[in-house]
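Assemble the dimeric complex from its two separately framed chains, guided by the hints.
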Amino acid sequence: MAELKLKNQNKSYMEATVATETNGKTWSGGNNKPLGASYGKMMMWFFILSDALTFSGFLAAYGLMRFKFIESWPIADEVFTHFPFLHGVHAPMYYVALMTFILIFSSVTMVLAVDAGHQMKKGKVTFYMLLTIIGGLIFLGSQAWEWKNFIGGSYGAVQLNDGKIVQFVDASGHQVTLESFVTSEHSERVQNTRDKGLWFVEEAALPPFSVKEVIDGFNAHPELTIRTELINPETKTKTIIPRENAMSYLNETNIVVKGANLKVNEYGNTLFADFFFFITGFHGFHVLSGVIINIIIFFNVILGTYEKRKSYEMVEKVGLYWHFVDLVWVFVFTFFYLV
Amino acid sequence: MAHAQEHKSHTGLIWKVFIILSVITIVEVILGIIKPEVLHLTKVLGTSPLNIIFLVLTLVKAYYITWFFMHMADETKSLRRAVVWTAIFLIIYLATLLLIEGSYINDVLAPLVKWNY
Numbered sequence: 001m002a003e004l005k006l007k008n009q010n011k012s013y014m015e016a017t018v019a020t021e022t023n024g025k026t027w028s029g030g031n032n033k034p035l036g037a038s039y040g041k042m043m044m045w046f047f048i049l050s051d052a053l054t055f056s057g058f059l060a061a062y063g064l065m066r067f068k069f070i071e072s073w074p075i076a077d078e079v080f081t082h083f084p085f086l087h088g089v090h091a092p093m094y095y096v097a098l099m100t101f102i103l104i105f106s107s108v109t110m111v112l113a114v115d116a117g118h119q120m121k122k123g124k125v126t127f128y129m130l131l132t133i134i135g136g137l138i139f140l141g142s143q144a145w146e147w148k149n150f151i152g153g154s155y156g157a158v159q160l161n162d163g164k165i166v167q168f169v170d171a172s173g174h175q176v177t178l179e180s181f182v183t184s185e186h187s188e189r190v191q192n193t194r195d196k197g198l199w200f201v202e203e204a205a206l207p208p209f210s211v212k213e214v215i216d217g218f219n220a221h222p223e224l225t226i227r228t229e230l231i232n233p234e235t236k237t238k239t240i241i242p243r244e245n246a247m248s249y250l251n252e253t254n255i256v257v258k259g260a261n262l263k264v265n266e267y268g269n270t271l272f273a274d275f276f277f278f279i280t281g282f283h284g285f286h287v288l289s290g291v292i293i294n295i296i297i298f299f300n301v302i303l304g305t306y307e308k309r310k311s312y313e314m315v316e317k318v319g320l321y322w323h324f325v326d327l328v329w330v331f332v333f334t335f336f337y338l339v
Numbered sequence: 340m341a342h343a344q345e346h347k348s349h350t351g352l353i354w355k356v357f358i359i360l361s362v363i364t365i366v367e368v369i370l371g372i373i374k375p376e377v378l379h380l381t382k383v384l385g386t387s388p389l390n391i392i393f394l395v396l397t398l399v400k401a402y403y404i405t406w407f408f409m410h411m412a413d414e415t416k417s418l419r420r421a422v423v424w425t426a427i428f429l430i431i432y433l434a435t436l437l438l439i440e441g442s443y444i445n446d447v448l449a450p451l452v453k454w455n456y
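If you read the protein sequences in the order shown, they are chains A and B.
Quick note on our numbering: the first sequence kicks off at 1 and runs consecutively.
Quick note on our numbering: the second sequence kicks off at 340 and runs consecutively.
In isolation and in its complexed conformation, chain B is listed as follows (with noise of 0.2 Å):
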């Protein structure tokens, strides 16, 4: 048991992590006023490079939140990889199959939309 470890404070590094955690969302925000029309506007994988960046920057955050304040990173390798894997994997299994569902439907039914009157 890491006794002595345990007793130290990591107020530095808290502090520091929120400073972290602060400037991505202020980054974030100050994206999404602004909408730059190059990153807005454009299409890279099938998306904009405005939105990448957006989920980009969410999972960083996660990930600070997740290691740092949740304190997985001193969780056993065992512990962490069964947590943070499972998740990983389900989400992404889960989130490709519906997002892909969703862009056929859309392309079935859209056409069929009227939009003039």
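So that you can see chain A by itself, here it is in the shape it has in the complex (with noise of 0.2 Å):
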């Protein structure tokens, strides 16, 4: 008799939550959800730890990279100094500070469209997460914008025949460009683009100035001298070069190199900028993705999905990610630009 009691207040409860799940079956939103979250969440919990584990395979290789190179690796004080409408101005750490808040503050909005959500109010969920996607997209931008400098480079500076870069510097040992005392002798020598020649052969970009321009604007300029990748440990600075000795240097000189691309970087070591477009890379898709989910998300609340559903856990999930893509820009931020 009490068992029977029994099974029947189980099927009444069981009818209960049927009325309000999809349907009962165990992974797919039933009454049995392992670890007190529902599936999705759940998953979305172990896509994250599998996610940030990718990410910390990428951070330790940089780190391996850099402890290999500790003695020469580029100091990010002196690569990344732009900041908009501000030029010439040596403003390091700034932009990307910009760049940390805007990523927080969309954060913020994303959890307070979780917060909105939880009291299944529609308006401000839309609101906020109409919020959290320009955030993103700003960042987005402002990411080119970083990238759009790192490339362009600031200075320019010449590569040795075994790879090392030398800068020019004043005689305060601040770093001087190239256009500031290189002269164009105007050469014939073109850029062989496809519609010049052959159409099938091409070439890469010129840089701006021939070795031999780069190396009598040099002699011309009895201030100036220049300094190695070398970084002296007394005083955390890269090792200059008295004049007397420098010509020794530049005899070595291969190429003129203006900016950063995965094959030669101004700023010292390639391995640098091949980390810095990979790592901010796959996190910028990272950021555009959740962008595009953010987007689909946000026109199924206006369509009133969630309203149907009585749950806004949909808009939970995509918070998961979205302030998972925080949390790494945090690292991000840390390794390459703190520490």
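In case anyone wonders, no lab produced these hints; they're calculated from the structure.
Fair warning: there could be bad hints in the mix.
Computed cross-link-like contacts, DSSO-like style, restricted to lysine-lysine with a CA-CA straight-line distance of at most 27 Å [claimed, not checked]:
(1) A:122 - B:347
(2) B:355 - A:124
(3) B:382 - A:317
(4) B:453 - A:212
(5) A:122 - A:310
(6) A:124 - B:347
(7) A:236 - B:374
(8) A:308 - B:347
(9) A:317 - A:33
(10) A:148 - A:263
(11) A:310 - B:347
(12) B:347 - A:41
(13) B:453 - A:236
(14) B:355 - A:121
(15) B:347 - A:317
(16) B:416 - A:33
(17) A:41 - B:453
(18) B:355 - A:41
(19) A:263 - B:416
Note that the structure is predicted; figures quoted are calculated from it, not measured.
Structure below.
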């Protein structure tokens, strides 16, 4: 008798649950929730865990290469010095700090959307989701601008035959641009593009100056000297070579470098540029997919999908992904710009 | 199910966490720009005290984002441990090995690199 009663209770319990869930199966939103989380949310957590390990792998590889070349690694403060509308002003860190704030703020609007979803306030969820999407787009634009500056370069340098980068400094030890001391002799040499010669032959963009022009310019300006990538451990600055020894370095010059790409980097070790492009690019791709997913969910919110479902848990799940993207940026910020 | 609890708004807590994250970021940026010599040029535990400060502040930020923005604090203890401890253990393991190897390669390689011409 008691058993029967229990059975009936269970039955009515099950019926009550089934009415609000999609169906009764264990793995599709049933009442049986492992670890107290819904299937989708738990799987989002484990996806985030695996993605976090992927990013750790990249950052740890960056650490390996940085420790390998610890005595000559580029100094981030000297690489990322641009700020919008401040031309020629040395502004380290400010721009990336701004980017960090943009991403943290879009995280705040996302969590406010999740919070509004818990209270079933459709209007508020819509508004905060929209702000989050805008924040994500601004971040992507900022990153594109950061890449543009890094690819374009700031001062220019020369690369020696063994791959080392040599930069030019004035008497006070500050870097000077190639343009400030090199005069172009306007040679006939132009970039070979497909429309000029054979249709299947082309070459990369030419550096702004030839090696000979740079060395002539250096000889014509006695106040200049050079510095190498080697870091002086006492002061944590790059080593400046006295002018009388400079020519023995410059005689080894292979190419003139402006900016950074996957093959050469005016700021120093090419691996720095490789890891920068790869890790910030991979992160930026996560931001892009986050924005796209947010847009899809944003339209679902507007259409009332979650109002009908009586649960805004989907907003919570994309929110998890969005916060994870912010979390990764916190680490990228530390390892590329601070440490 | 904690229905009554879930419907309560947490906006106060959210803004508080935002302020904490902002203050930490501002401190990091100021330290990164000034680089006080006593923190930057001295050495503790194989690196500069400044780097250790940055790492600790980063982990504090990661904690606030995970616990309060991702609501890890509201998950069950078993889910929390399954995600957090797995990540912490594997990341420390990987980073330790790779950084030790990197230092070792540097010990062997650096004396062979020519810096005088």
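Do the hints match the structure? See the list:
no. : hint          : in the structure
1   : A:122 - B:347 : holds, 16 Å
2   : B:355 - A:124 : holds, 20 Å
3   : B:382 - A:317 : violated, 43 Å
4   : B:453 - A:212 : holds, 24 Å
5   : A:122 - A:310 : holds, 11 Å
6   : A:124 - B:347 : holds, 15 Å
7   : A:236 - B:374 : holds, 11 Å
8   : A:308 - B:347 : holds, 21 Å
9   : A:317 - A:33  : holds, 16 Å
10  : A:148 - A:263 : holds, 16 Å
11  : A:310 - B:347 : holds, 16 Å
12  : B:347 - A:41  : holds, 20 Å
13  : B:453 - A:236 : holds, 19 Å
14  : B:355 - A:121 : holds, 22 Å
15  : B:347 - A:317 : holds, 19 Å
16  : B:416 - A:33  : holds, 14 Å
17  : A:41 - B:453  : violated, 55 Å
18  : B:355 - A:41  : holds, 25 Å
19  : A:263 - B:416 : violated, 48 Å
Of the hints listed earlier, those the structure fails to meet are numbers 3, 17, 19, in rising order.
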